[in-house]
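Here the protein sequences come in this chain order: A, B and C. Note that full-length UniProt numbering gives residue 139 to position 139 of the first sequence, counting from 1, and the numbers run on in steps of one. Note that full-length UniProt numbering gives residue 69 to position 69 of the second sequence, counting from 1, and the numbers run on in steps of one. Note that full-length UniProt numbering gives residue 75 to position 75 of the third sequence, counting from 1, and the numbers run on in steps of one.
Possibly wrong hints are sitting among the right ones.
Intra- or inter-copy, both count: the list cannot distinguish identical chains.
As the list claims (entries may be wrong) - Each computed PhoX-like pair below joins lysine-lysine, with the alpha-carbon atoms no more than 25 Å apart: (1) LYS14 <-> LYS3; (2) LYS183 <-> LYS96; (3) LYS14 <-> LYS183; (4) LYS183 <-> LYS3; (5) LYS96 <-> LYS3.
What the hints contain is simulated information worked out from the structure, not anything from laboratory work. Only a predicted model underlies this, so the values are computations on that prediction, with no experimental measurement involved.
Here are the chains, one letter per residue:
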Amino acid sequence: MVKLDKIYTRTGDKGQTRLSTGEQVDKWHPRVASYGCVDEVNAALGVAALHAEDEMLTAIRRIQNDLFDLGADLATPDRGRVLEWTPLRIVESQVKRLEEEIDAMNARIPPLDSFILPGGSPLAAQLHVARTLCRTAERKIAELSGMENEPVSPEALAFINRLSDWLFVAARAANSNGADDIKWVPGANR
Amino acid sequence: MVKLDKIYTRTGDKGQTRLSTGEQVDKWHPRVASYGCVDEVNAALGVAALHAEDEMLTAIRRIQNDLFDLGADLATPDRGRVLEWTPLRIVESQVKRLEEEIDAMNARIPPLDSFILPGGSPLAAQLHVARTLCRTAERKIAELSGMENEPVSPEALAFINRLSDWLFVAARAANSNGADDIKWVPGANR
Amino acid sequence: MVKLDKIYTRTGDKGQTRLSTGEQVDKWHPRVASYGCVDEVNAALGVAALHAEDEMLTAIRRIQNDLFDLGADLATPDRGRVLEWTPLRIVESQVKRLEEEIDAMNARIPPLDSFILPGGSPLAAQLHVARTLCRTAERKIAELSGMENEPVSPEALAFINRLSDWLFVAARAANSNGADDIKWVPGANR
Ligand code: B12
Ligand code: B12
Ligand code: B12
Ligand SMILES: C[C@H]1O[C@@H](n2cnc3c(N)ncnc32)[C@H](O)[C@@H]1O
Ligand SMILES: C[C@H]1O[C@@H](n2cnc3c(N)ncnc32)[C@H](O)[C@@H]1O
Ligand SMILES: C[C@H]1O[C@@H](n2cnc3c(N)ncnc32)[C@H](O)[C@@H]1O
Ligand SMILES: [Mg+2]
Ligand SMILES: [Mg+2]
Ligand SMILES: [Mg+2]
C-alpha cells in the first residue's frame, strides 16, 4: 500500500528515482516520463471536473481513478520475475467501457466534415486540454513500448488511445452535442 | 476533406499512425509530436478564449484556425512527389498579420527592463500558458526541421516563433497594457 | 539587465537561439527545453494565483520570482570561464524555505495510505497542474545534468524537486487540509 506522509525525501536530488519494483532509473527514463505524462492528464481532468456535474463528473472521477491503475501498470514493468504482489494492470473491460460511452455520446452528435476549434463551454475547453495531453502521454507510452526490454501492456496503450477519443466526444457533448462547435475552414485567413 | 464520424478506429493501438499523405509513422515520431504540440497550443487558446471578447476573441479564433493550417502543413511533408491535392501551407501573410498586430498592441505598452511574472487577469494568465506551450511546440518543430529528410516549411517555423511573441504582447495588453504586470526582481528571495 | 521592447527579432526563425552567455544553441537543446519547461510551470502558477489569496498568494508570487532565478541559472552554464557579471544561481536557502513551508503545511494534514485524485477546489486543481508540470521540468533538468559538459547546479535540481512536493502539500492544504481529497482505490473499475 502506498504511504504518503513525509512527502519529501531528498533522495531524488541527483536525478535518479525508483519504479514500484524498486528498480533504480534515471528520472528522464521514458518509463518515468510515461507515468509523469499520465499524471499531467489526470491533473487536467481535475480542472475539467470543476465544470462538470452528474454523469459527466462521475465519469471523470472514474477515469481519474483508472489513470492511477494505468500509472501503476506503467510503473511495474513485467520483467518475467515473480513479484511479492500481483501487479495491477489495465484490463480490457476498462477500454471497453470507454468505447461504450463513446458510442452512446456519439449517437447524439452529428458527424463532422472538418476539425473543430478546441474550446466552447468551460467544460469543453478543459476536456480539449485533457485530450491533447492524453495524446502526448500516448506518444510517450508508445515510445516506451517500442524500446527493447521495456514491456508495456497492450491494454495500457489501448486505454490511453481510446481515452483521447472519449475526451473528444465528451468535449463535443459539452458543446450542446456539437451544435456550438466551430469548424476549421482550411486556409481561411490568407 | 477530413471526415470525423466513428472517431475511434483501434488501428493505432500498437503505436503507429499515418500522416495526411498516408505514410505510416511511429506515434512518437517528431513530426507527429510537432502537430500534437500545436494541438496543445490550440487547446490552451480555447481556454483563453473563455475570457476574451471583441477583437481579442476574434483574433484568438483566427489564430486557432491558422493553427490547423499549420497542423496540415506539418502533417504533409514535401517529399518532392506530386500529391493528388494541393497541400495547405502556412503563407507569409499569416506571419505578417501577427507582426502587424504585435506592433499595434506593443505601441500602447511600455518597454520592460525585466521579465514579468506570468499571470494577472484571467485572460493574461491563460495567454501566458498558451505562450509557453507555443514555445514548446516551436522546439519540436525546430527539432523536426533539423532532421535529415524531414522538410518543414520556413513559414511554419516563422509562424510559431512569432505567435509566442504575439501571445506575450497580448498577455501584457490584457493586463491593462502592462500596468498590472509584476516584474521579476533577480535574487529577491535569498 | 534584461530589456524587452521590440519583442520579436526574427533571428530565431531558423531554429537557433542564444543562452544568456551569448553561446548559440539549437532551440531543441535540452538546456533551452529545461528553462522552457520552467516557464511552463511559472505560467501554470500564474493561473493558480487567480484562485489564491493572503499567504498562499504571497508564496506563489515568491516562487514565480524564484523560478526566474532558476531560469537564469539554467541559461548560464558554468563553463569555468569568468563572465562579465556574477551569474545568478539558486541558493540553498531557497530550497530550505520550501522545506520549512512543506513541514508547516504538512503538520496540519493527515498522512495518506493511497494517492489522491488531482482536483478539488479551483486552487487545488491548478496547483496539481503546476505540480505535474514541475515534475516534467525536473525530468528535463535532470536529463541535462546527466549530459556531458552540461553543468547544472545541484541547488537548481533540489529546488525543482522540492517544489513539486511543496505543490502537492499546498494542493492538499487548499482542499480543507486534505479533508476533501478523494483517494485512489486501486482497480476499482474493473
Ligand atoms: C509510481 C509512483 C507514482 C506515480 C504513478 C502512481 C500511479 N499509480 O499512477 C505518480 C507520478 C503519479 C506519483 C505521484 C506522486 N508520488 Co509517487 N510513487 C510511485 C511509486 C514508485 C509506486 C506507486 C504505485 O503505483 N504502486 C503500485 C500500486 C498498485 O501498488 P500498491 O498501492 O502498493 O498496491 C499493490 C501492492 O502494494 C499490494 N498491496 C496493497 N496493499 C498491500 C498491503 C500489504 C500488506 C501487502 C503485502 C501488499 C499490498 O497489492 C497492490 C495491488 O497490486 C511509489 C514508491 C513505491 N515503490 O511504492 C512512489 C511514492 C508512493 N510516491 C511518493 C510521492 C511523494 C508522490 C507525490 C506526492 C510526488 C509529487 N510531489 O507529486 C505524488 C502524489 C500524487 C497523488 N496525486 O497523490 C512517495 C511517498 C513518500 C512518503 N512516504 O510520503 C513514494 C513512496 C516514493 C518515494 N520514496 O519518495 N507516484
Ligand atoms: C493530421 C491530422 C490531425 C492533426 C492535425 C490536423 C491539423 N490540420 O491541424 C491533429 C493532431 C490536430 C488531429 C486531431 C484529431 N484527429 Co486527426 N487526422 C489528421 C490526418 C492525418 C490529416 C488531416 C489533415 O490535416 N489533412 C490536411 C488537410 C488540409 O486536408 P483536407 O482537409 O482533407 O483538405 C485538403 C484535401 O483533402 C483537398 N480536399 C479537400 N476537400 C476535398 C474534396 C475532394 C473531393 C478532394 C479530391 C480533395 C479535397 O484539398 C484540401 C486542401 O489542401 C487525418 C487522416 C488523413 N489522412 O486524412 C486524421 C483524422 C481526420 N483524424 C481523426 C481523429 C479521430 C482526430 C481526433 C478526434 C483525435 C482525438 N481524439 O483527438 C482529433 C480531432 C481534433 C479536432 N479538434 O477536431 C480521424 C477521424 C476518424 C473518423 N472518420 O472519425 C482521422 C481520419 C485519422 C484516422 N484514420 O483515425 N488530427
Ligand atoms: C534565458 C532567457 C529567457 C528564459 C528564462 C529567463 C529566466 N531568467 O528565467 C525564458 C524562457 C523565461 C524567457 C522568456 C522570454 N524572453 Co527571454 N531571454 C533569455 C536570455 C537568453 C537571458 C535572460 C536571463 O535570464 N539572463 C540572466 C539574468 C540574471 O541576467 P540579467 O537580468 O541581465 O542580470 C544580470 C546581469 O545582466 C548583471 N546585470 C544586471 N543589470 C546590469 C546592468 C549592467 C550595466 C551590467 C554591466 C550588468 C548588469 O547582473 C545580473 C545578475 O547576475 C535573454 C537574452 C540575453 N542574452 O540576455 C532573452 C531575452 C531577454 N528574451 C527575450 C524575449 C522576447 C522573451 C519573451 C518575450 C519570449 C516570449 N515570446 O515568450 C519571454 C518573456 C517572459 C516574461 N515572462 O517576461 C528577448 C527580448 C527582446 C527585446 N529586446 O524585446 C531577449 C533579449 C532575447 C532576444 N534577443 O530575442 N527568456
Ligand atoms: C488524427 C491524427 O493524429 C495523429 N495521431 C495519432 N495519435 C497521435 C498522438 N498520440 N499524438 C499526436 N498525433 C497523433 C495521426 O496522424 C492521426 O491520423
Ligand atoms: C528569450 C529566450 O528564450 C530562449 N528561447 C528561444 N526560443 C525558445 C523556445 N522555443 N523555447 C524555449 N526557449 C526559447 C532563448 O534563449 C531566447 O533568448
Ligand atoms: C512518486 C514517484 O514518481 C516518480 N518520479 C520521481 N520524480 C519524477 C518526475 N520528475 N517525474 C515523474 N515521475 C517522477 C518516482 O517513481 C517516484 O517514486
Ligand atoms: Mg488515437
Ligand atoms: Mg522566439
Ligand atoms: Mg520528487
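Hints, one by one, checked against the model:
| no. | hint | in the structure |
| --- | --- | --- |
| 1 | LYS14 <-> LYS3 | within (23 Å within a copy, 34 Å between copies) |
| 2 | LYS183 <-> LYS96 | between (29 Å within a copy, 24 Å between copies) |
| 3 | LYS14 <-> LYS183 | neither (48 Å within a copy, 30 Å between copies) |
| 4 | LYS183 <-> LYS3 | between (47 Å within a copy, 12 Å between copies) |
| 5 | LYS96 <-> LYS3 | between (31 Å within a copy, 24 Å between copies) |
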